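The chain contents come next:
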Amino acid sequence: MTAHRLASGGLVDRGASLDFKFDGRAMKGFAGDTLASALLANDQLLVGRSFKYHRPRGIVTAGPSEPNALVTIGRGASSDPNTKATVAELYSGLDARSQNRFPSLKYDIGAVNGLLSPFLGAGFYYKTFMWPAAFWEKVYEPIIRKAAGLGRAVLERDSESYEKCWAHCDLLVIGAGPTGLMAALVAGRAGLRVILADEDFRPGGSLLAETMSINGVSAQALTETSLAELRSLPNVTIMPRTTIFGWYDDNVFGAVERVQKHVAMPQAKIPVERLWRIAAKRALLASGAEERPLVFGGNDKPGVMMAGAMRTYANRFGVGAGKSVAIFTNGGAGYRAAADLAAHGMEIAVIIDSRSDAADVAPDGVRVIPSASVINTKGRQRISGVVVERSGFEETIACDAIGMSGGWNPIIHLACQRGAKAVWSPELQTFLAPDVGSGLIVAGAAAGHYTLAGCLKDGTDKAAAIAADLGFSAVAEAQPVVDGEIAPSFTALWYSPGAKAKAFVDFQNDVHVKDIGLALREGFGHVEHAKRYTTNGMATDQGKLSGINATGLLAGMQGISPASVGTTTFRPFYTPVTFGALAGTSRDEHAAPVRKSPLYGWAQKNGAVFVDSGLWYRPAWFARDGEKTWRESTDREVLSVRQNVGLCDVSTLGKIEIFGPDAAEFLNRLYCNPFLKLPVGKARYGLMLREDGMVYDDGTTSRLSPEHFFMTTTTALAGGVMSHMEYCAQVHWPDLKVRFCSSTDQWAQMAIAGPKARLVMQALVEDDISDAAFPLLAAGVVTLKGGLNARLFRISFSGELAYELAVPAGAGEAVADAIMQEGRAHGICAYGLEALNVLRIEKGHVTHAEFDGRVTPDDAGFGRMVSALKPDFIGKRLSTRFGLTAADRMQMVGLKPVEPDKHIRAGAHLLREGAKPSTLNDQGYVSSACFSPTLGHDIALAFLKSGRERYGERIVVWDKLAGAEAVAEVCTPVFVDPGNAKLNA
Amino acid sequence: MASLIHCPHCGVRPKEEFSIRGDASLVRPDPEASDEAWHEYVHIRANPRGRYLEHWQHVAGCRRWLVVERDTFTHQVFSVTDGAAAARGTSR
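Protein sequences, first through last, are from chains G and V.
Everything in the first sequence is counted per numbering that gives the first Met the number 0, starting at 0 for the first residue and increasing by one.
Everything in the second sequence is counted per numbering that gives the first Met the number 0, starting at 0 for the first residue and increasing by one.
If we strip away everything but chain G, and leave its shape as in the complex, we get:
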């Protein structure tokens, strides 16, 4: 028995026993324990295996910087790998497993790596597994990956829920230790909206393990009264179990709140974790200071722990880390730990002090060895002794635990996340936060104030200053009197000389002193290079313990100041954040909004097979009984439209209502073709260019009244065109009297196409829609039978006699049903995107497959549409530039295979017969292709150099991806009804 539960003391509830499991073994702890304190209470010293050498490792800290005690908690889909036992709150039923061991923690086969360690130095993998090259991916990497590593990610779907929130406050206090509690009290009393966040499940920070008294009361009593007062203040929010992980622009902080990580069965109604963004006018960083480990031979064995952590386990959790403890220190903190442990009845075997002239007082009867160095430790999976060297004499002293104290590092991570560099303090022998402005003020131990009185005062003063700065008046606080304060000074010791075993710098990544030296010798001495060469600080703890010692060692080896070495870069997150919390509710079907057309229900009951189209779900085809493939359905739909009539949902087109006396002028400047004189009651096809002269989007725009236009855009660019128009109206031409709004979601729009379209529509429309009364490109408001007003447009994408009918979205399904009912006698069918695509290719109509951003109006055959008379429109000036008017530009043509059973696919390139495939010989490419059921063979639209002059020429369609080649004849892109007889019927 080494580590054990003390007979009394601590803030655990000894009346509330909790059952938990570690590697399947049943254990007991108390409410208020962390998993780490409970494991120690059960004398479980060995908790994990190291990353590279698989060395046995134990608990080192009592907080979030823990490098070793990483475990997997939970089972199956809800298991959390790499959870730090030192912050995991114990609950009844907790099921934890150790990591990176096989077959068991105690007998780990990977530990053979430790024997091979002379060959496994820094850069070993880079140097060794270089040949043969193919072996890296197939052999070396899988083996290395299996041998290295920590916890394993779970592949099952995470069944737990997460959410994201915003919070706003005047002052965010980060850390609820002595500094933070005082600051929150001062600011809260002054009336500021305060958020006090602390990563622990129990607010209080170091006060929870403090034995000093303040104004005559215990630190724990002060914590309780302070929290009680804060809870009574309506303007103060206390957020326990909340880690502030990032500091972002405009003083927005990222935080993760572990809402239900401490319960065996989370409630489904509330999330397990909540990701906060906290917009704070001011923030106070009261994150405290981290005790610095000492780098000595054999310093990584289970039983070697931070002295301050031993003190925390004893004072807060009522757990002794050992029966007989050796303390290795370079400052006052080691003596204070010794005094507290002794007070709990633990034996202090020895205090080894690296300094020669310490004034600190050891507990009665404890031997102190000054000017000494620890060079080795005895024992394998637990400590049995410490080997001390002084003036050339070695001595082994029996003990079962070693507490190390190497001084203090303020926790300044957040303050350095936005690019400001940490500043070396020669007096404090550590890096301090730089001045980062008034948004984030660093206070207490995080600012280098290591005494309790100093923390209490600094928190009070800085909160009062912030309150005054924000216009609140803070009441002056009486300075508390602290009893039992010790001198917190230390003399930096980067390396305990004479090590006779590996002296580890980074426990989690197995980096030891010699690795740092090797990096320096091989030219990787810059702190950022050394980090990457040795992997020091690259583990999940991101060098919280090891970073400063690596800097100190690099400085010491070169004989320069740590100020010249600097630190590696601090980046969010302070501690790891789960993907679940980052995703929040945006997962699975909620990852993106679902847009459903008003005709979605109609499509569904007509057998639609839907396809994702941006955020929309659009009918791709409507399968009928007996149809086995999409082609069967599509071919039937196409032929039905060509012979009878079909109904297609086109509600997803962007729709924009444009009003105002300058509406026509606005459109005239927006489109490359003229709109000024478009008569009321007419629709016109419009082409929008980009300012560089390439086609941006197309669609039809109708004039419904002199000052009211109705525009449609493509589905894909509905949002983009709207923004473009807003930019033009607001920035280019703010004096035009024009207003517009999107009405995409307000209208259900359907295309009714086919020779029998008028028969069907006339039966449903009150108005006369004969060709004479409602010719091609007519547009206007009509009354449907039953009284509903609708907009009717005689426009056609299929080339057939066709209408588009727009009705209010809510009436869409009923109207579509009525059309289907009316059309039944005429053989109507519903048709989807696939048929729509075939119909438009057959007619030579373009989409964004053609308008891909490299195509001018002339390339697509619309050259004559571009107005030469208009003084200006978007794209006018650059559409005339050299290169866009060249004669050998690729022009849109049609292609049909010379052998009718050959296939043509979009994306294929065009070559002259006999030419080798090469960029130089490239003649063009296929933009759209399909099987035409109307013609009985494949057809395609393509862009071919000087294509319009080459009708009748044979060209090779070269499709490397499909491994196919076909010879095609170049032809007009209009395959069906080139004379527009059907269109004008």
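None of these hints come from the bench; they were simulated from the model.
It cannot be assumed that every hint is accurate.
Mimicking DSSO-like on lysine-lysine, the simulated pairs with C-alpha atoms at most 30 Å apart in a straight line are [as the list claims (entries may be wrong)]:
{"#": "1", "chain 1": "G", "residue 1": "Lys595", "chain 2": "V", "residue 2": "Lys14"}
{"#": "2", "chain 1": "G", "residue 1": "Lys105", "chain 2": "G", "residue 2": "Lys513"}
{"#": "3", "chain 1": "G", "residue 1": "Lys944", "chain 2": "G", "residue 2": "Lys915"}
{"#": "4", "chain 1": "V", "residue 1": "Lys14", "chain 2": "G", "residue 2": "Lys604"}
{"#": "5", "chain 1": "G", "residue 1": "Lys163", "chain 2": "V", "residue 2": "Lys14"}
This one's a predicted model, so the numbers in the text were calculated from it and none came from an experiment.
Dock chain V against chain G, hints included.
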């Protein structure tokens, strides 16, 4: 990138509600202007380190185009004004 943008119409809003277009100091040239003037306007961007005028649209809010003056290095935002108001001020 700033986290919060003070929209002159909607107040302080998170940056996710906005989309960014780019340099707001560019003025669309006269249609008769030289090839060079148009080439500069359409293709050439300064990409400065420091103060920068940028067009942002509040797409998930008022949908106004705004002129955001910010520092590309420190991400500090100095001012946010309405784009139309700014355009009227440049006498075009």
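Evaluated hints:
With a C-alpha separation of about 27 Å, the suggested pair Lys595/G and Lys14/V falls inside the 30 Å cut-off, and the hint holds. Taking the CA atoms of Lys105/G and Lys513/G, the gap is about 27 Å. The hint holds against a cut of 30 Å. Distance check on the hinted pair: Lys944/G and Lys915/G sit about 17 Å apart at the alpha-carbon level, within 30 Å; holds. Taken as a hint, the Lys14/V and Lys604/G pair is broken in the structure, with Cα atoms around 42 Å apart against an allowance of 30 Å.
Taking the CA atoms of Lys163/G and Lys14/V, the gap is about 16 Å. The hint holds against a cut of 30 Å.
Checked against the numbered hints above, the structure breaks only hint 4 and satisfies the rest.
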